[in-house]
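Protein chains: 6
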Amino acid sequence: MKIKVINPNTTWSMTRTIEQAAHAAASADVEIEAVSPNMGPVSIESHSDEALAAVGVMDEVRKGELDGCDGYVLACFGDPGLHAAQELAQGPVVGIAQAAFHAATLVGRSFAIVTTLGRTLGRAHDLVEEYGFTSQCVAYRACEVPVLGLDEHPDAAYEALLAECRATLDCCAADSIVLGCAGMAGMCKRLENELHVPVIDGVAAATALVEGLVRIGMRTSKRREFANPPAKEVVGLLADFTR
Amino acid sequence: MKIKVINPNTTWSMTRTIEQAAHAAASADVEIEAVSPNMGPVSIESHSDEALAAVGVMDEVRKGELDGCDGYVLACFGDPGLHAAQELAQGPVVGIAQAAFHAATLVGRSFAIVTTLGRTLGRAHDLVEEYGFTSQCVAYRACEVPVLGLDEHPDAAYEALLAECRATLDCCAADSIVLGCAGMAGMCKRLENELHVPVIDGVAAATALVEGLVRIGMRTSKRREFANPPAKEVVGLLADFTR
Amino acid sequence: MKIKVINPNTTWSMTRTIEQAAHAAASADVEIEAVSPNMGPVSIESHSDEALAAVGVMDEVRKGELDGCDGYVLACFGDPGLHAAQELAQGPVVGIAQAAFHAATLVGRSFAIVTTLGRTLGRAHDLVEEYGFTSQCVAYRACEVPVLGLDEHPDAAYEALLAECRATLDCCAADSIVLGCAGMAGMCKRLENELHVPVIDGVAAATALVEGLVRIGMRTSKRREFANPPAKEVVGLLADFTR
Amino acid sequence: MKIKVINPNTTWSMTRTIEQAAHAAASADVEIEAVSPNMGPVSIESHSDEALAAVGVMDEVRKGELDGCDGYVLACFGDPGLHAAQELAQGPVVGIAQAAFHAATLVGRSFAIVTTLGRTLGRAHDLVEEYGFTSQCVAYRACEVPVLGLDEHPDAAYEALLAECRATLDCCAADSIVLGCAGMAGMCKRLENELHVPVIDGVAAATALVEGLVRIGMRTSKRREFANPPAKEVVGLLADFTR
Amino acid sequence: MKIKVINPNTTWSMTRTIEQAAHAAASADVEIEAVSPNMGPVSIESHSDEALAAVGVMDEVRKGELDGCDGYVLACFGDPGLHAAQELAQGPVVGIAQAAFHAATLVGRSFAIVTTLGRTLGRAHDLVEEYGFTSQCVAYRACEVPVLGLDEHPDAAYEALLAECRATLDCCAADSIVLGCAGMAGMCKRLENELHVPVIDGVAAATALVEGLVRIGMRTSKRREFANPPAKEVVGLLADFTR
Amino acid sequence: MKIKVINPNTTWSMTRTIEQAAHAAASADVEIEAVSPNMGPVSIESHSDEALAAVGVMDEVRKGELDGCDGYVLACFGDPGLHAAQELAQGPVVGIAQAAFHAATLVGRSFAIVTTLGRTLGRAHDLVEEYGFTSQCVAYRACEVPVLGLDEHPDAAYEALLAECRATLDCCAADSIVLGCAGMAGMCKRLENELHVPVIDGVAAATALVEGLVRIGMRTSKRREFANPPAKEVVGLLADFTR
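Protein chains in written order, with the working numbering: chain Z, 1107 to 1349; chain A, 1107 to 1349; chain D, 1107 to 1349; chain B, 1107 to 1349; chain S, 1107 to 1349; chain X, 1107 to 1349.
Hint data in this document are derived by calculation from the structure and do not stem from the laboratory. Glycine included, every Cβ here is placed at the ideal spot set by N, Cα and C. Heads up, some of the hints might be wrong.
If we take Cβ atoms under 8 Å as the criterion, some of the chain B residues that face chain S in the derived model are [to be verified]: (1) 1133; (2) 1200; (3) 1208; (4) 1211; (5) 1242; (6) 1276; (7) 1292; (8) 1315; (9) 1319; (10) 1326; (11) 1329; (12) 1338; (13) 1343; (14) 1345; (15) 1348.
Computed list of lysine-lysine pairs in DSS-like fashion (alpha-carbon distance at most 27 Å, straight line) [claimed, not checked]: (16) X:1295 <-> Z:1328; (17) B:1338 <-> B:1169; (18) D:1295 <-> A:1295; (19) B:1108 <-> S:1108; (20) D:1338 <-> D:1169; (21) X:1328 <-> X:1169; (22) B:1108 <-> B:1328; (23) X:1108 <-> Z:1108; (24) D:1295 <-> A:1108; (25) B:1328 <-> B:1338; (26) D:1338 <-> A:1328.
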């Protein structure tokens, strides 16, 4: 089984962190291919970044299909391009926000999101609602560390994140914490050990979910919405995406 | 006042139809600039098309900001790139699905969507839910005419659309019909005359809403989520979007 | 185009404030007729007041129909008699709570209501839910200044309102503030200048919306619920309302 | 214990039917006073009728307070003036739509509404949502018999109502039928015998609920929203309602 | 009329308190039979306790049917076994959580739950949502007194409960307080006198509701879900439940 | 890794079918232990059956904890005793309804449930709502084959199930079918081959989910609701459950 883990931003040091988390989450016989697209923003912290990143995600999925990938993980908490990727892939495609919410609601009633920048919480709201977890998500919080700050100043970032997690648990009855950025994957177990509640890294959760779906033969429904998109001319800068 | 009407697809014949609808909806002293981006799909009928079209929308909004546009209409029923555009613009940005839902709920309790291809109804569901109109939208229907078919075979398209609208009204108590494609703008009044309920073209609705918001001095909130996005390097094919 | 702006209470000094706000919001060629009914409570601060005010609203709408009004604004934040007015009018009728919620959700994700007396927030809850904005309205607040206090002690009222708005923004992530009383119309821009988020006056918003709907030819659906009500004898004090 | 049953319309023959249903539902030692207001429409079939009827309801409640009534039933399926009545009364006030929904959800998961005219179903939707029963109400149906038709042509009305109930049960899994008009009270048991599911008359349900609430000493909360409304001048035709 | 009040736990001193509350809530001619099952946990403070208690509830209902009981009250705030009891009984069965929520929403817009242990609030959430009162329940609170502590240390328990109720009212706009344990029945009126808002004991509310439903001839719908369950072999320890 | 798969009914032939489905879904190195409790109903087709089955589920989980099981699957579509099991277990516990809904929403927008008896659909509604999938579940259907009929007359059962699935897909836009009984596990792939949409067997889905959760180290949150329940005396027939 081959799972392609796409880091939608173009910072390869983060891609390596993500790759490690995916490897640790998969069975020994699962091949993990972790990549960043060759186009797009170096980090994703706004709707504009999400829109730009989605194009690179699409590019990597169509390449993955040619390579025979069995499933895909989209390793950015905004799940950019998820629905487009589901149209393009035959196997399952799971975003890490989506995966984290699913995992959280399997091990408790309620969860809280703790993410990087507060400005991205609107996107988190939309995803929670679309996936069906509005009642279960009891807090939306941000530690106000930028995405690349997780890599560049890991100790300070960890302290800020830990403090925000503690504050979150103090003010609400969440059963678990969902980490709101793929770049936090390496801090997950350390946080869990300190906080004594499940702390959920979406990269691990998504990898486990995709592996499971592939193992039981589940693929994205091609009945209507997620059928392969019809042939279409695309012009200008994006002409290479003509189908 | 200058309103830029962006047709997110790259078919200029459709852009002309949209321009006429926007002109008819605006006060005489409002300048309408209707454009298609210079990149992107020729029509938008899938999540993949939406994702590709969003890039062109962003490009046109950033150009519009340099040109001093007061507000923007996104003239595709999937409202592609709306939130990114709101980040980039100072004035209001309104999508035609959004506008049509707002208008429909101002002239009745309930509405039905009648769109082109059934595969796009998932996107309509997401938009209805995000904007808050889940209780009011009582039917999601498709006439299964492709977007470009509206232009190429207008008579057959009109008949198919009329038949679907009639079937919709027969089976549910909708107070109005929302047309699910900017390319249907030219058929709106003719349908209304035959159906005896309000038939809502989002292009007209969005133009009227943007004009009104601009006139009363309302601009997108820049408090947090829709603040201008932070400086960011973008690489590869999309490097020109570096901020 | 002639828009009738009905202040459902019978305090004409407030009607004059409302008229100014409506004038400022409309295009130059729109005729604004601002009135109070000749019956009803001097201010509206309870369900009982709302019920009494609705009768005067109905009276003014039926007179407006004889006068050829193209649309109506109901300038009280409880939108009293809105659905009855929609039955009686051919053109659009928009309440200022309704309009403010629509406008707020066009310029941001979330809004907070700041109104006069806390006892009226139940009505605000009902309107938010009925119109579909439950997810978007993130705070219901009151400055506990009575409606007529806005007129009688404008400086003190302004300070109390400003303080409540600041407290609201401190405790929640609202993208904008919706003012919960037509009598606050004159304070809107001053508040916006101090608070640096959109502050929304429903009178301006409703006037702009009605003008836009009339311009694009949209009228209340007469399909079923809002069809003109059947002939009916009314007895006693209200016999004049026999249809 | 004295319960005042207010028929919000001014057709006393219907008030007598309602009185019988209330008597049959109350314990032997409960005094039932059934009245119509001395003002208002002869039947209630539109939002306009509801608005006019609410004034008479308020008038009867304030008289009831002087008479020492312990609780109130509002015997019209639109529950007109309910919140105003709750402000004015010390004891509980229950509308028959409200009561029927509560009763239905105590004897089954789901219910269907079968009412008189389809144009009133919008009001039913609003009440169902406000009271919290959106998930439980699985059908909104009308037999298209006008309210006064129930009195004037009882046999034909019964047949039309029975046919609509049967059609309703055939097309949905409702556990019970809620009758959508106080004028149907006399037909309830006969329908139940034919349909073999609970058929719920709101007059009986509301009487039983009010009696129970009074017996256990429950009164409307006067904490904030439903506190007695503040003193207020009312002018013109309604001046008598000055508090 | 004979109403069986089942205390699902096996602590008879609590059953006596419940019996008194039920007697006080019923009309003089209603026979109250209050029992604990002869199997099950001595108090109910977890999902595990609920599951065990449900078996005893079923046992008492089937005995009640043989005894000709007209209706049932389940006197534990988790409403354990409610749906099973509805299948087994011909008359109405009402849980005290269910009854308290219904009563609270008849005397105000909003309510707060104040219960024993915080760990049971998840169950309260599920019940509130299932019964339809999500919008109305504005706070879920616990005084962290165990169920049996109410009996064993009534003064300390009362003080803790009072303090939690006061804190609840200070932080939210609830119109009333719902007590989250049958063992609090004896403290209800004293709390109400101190708090000046309705304080709702579910035992009283459920008794009044069941009496009312029986009086008007309402029985659980046997159409589908709550029809008597089909014959079934049950093996092992529970073999006596073979039907 | 050792996963205990509990068939909550006591029909061991069905337990063997379930065991095969679980084996097929798990990685080669996962040990599957499939059991039925030694008490409880032979099939589960009512709330009464669910309540009785929950006791046996609890018994098997406490035995599993002594045996060092890493996670649990509850293989009945009503997920009986799930929350109690979560309290008792350290590792994850997943019900097959829960698992099927999660899997369905990972491979499509919408799903339809096709179950055995229509009377169990109320329970399905409750689970869908509690888990958060109300918007995604677009049809609740039953083929009216009893649970044991699946075993006893497999060919007739298959035909009835296939026909119901086809009828379901004809009348709604579901992206996938969720099978509503563990006893249907053996028919899943055959149905999928005929229907050309994902057909989801909860046993496979739950096994894959539990394996994934265990592999990434996720355990049920013990913060509050699902903490091990406090020591408690249980009397009578169930005294063995004293903790």
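Of all the hints given earlier, name the ones this structure violates by number, lowest first.
-> Violated hints (numbers, rising): 6, 7, 12, 13, 14, 15, 18, 26; every other hint is consistent with the structure.
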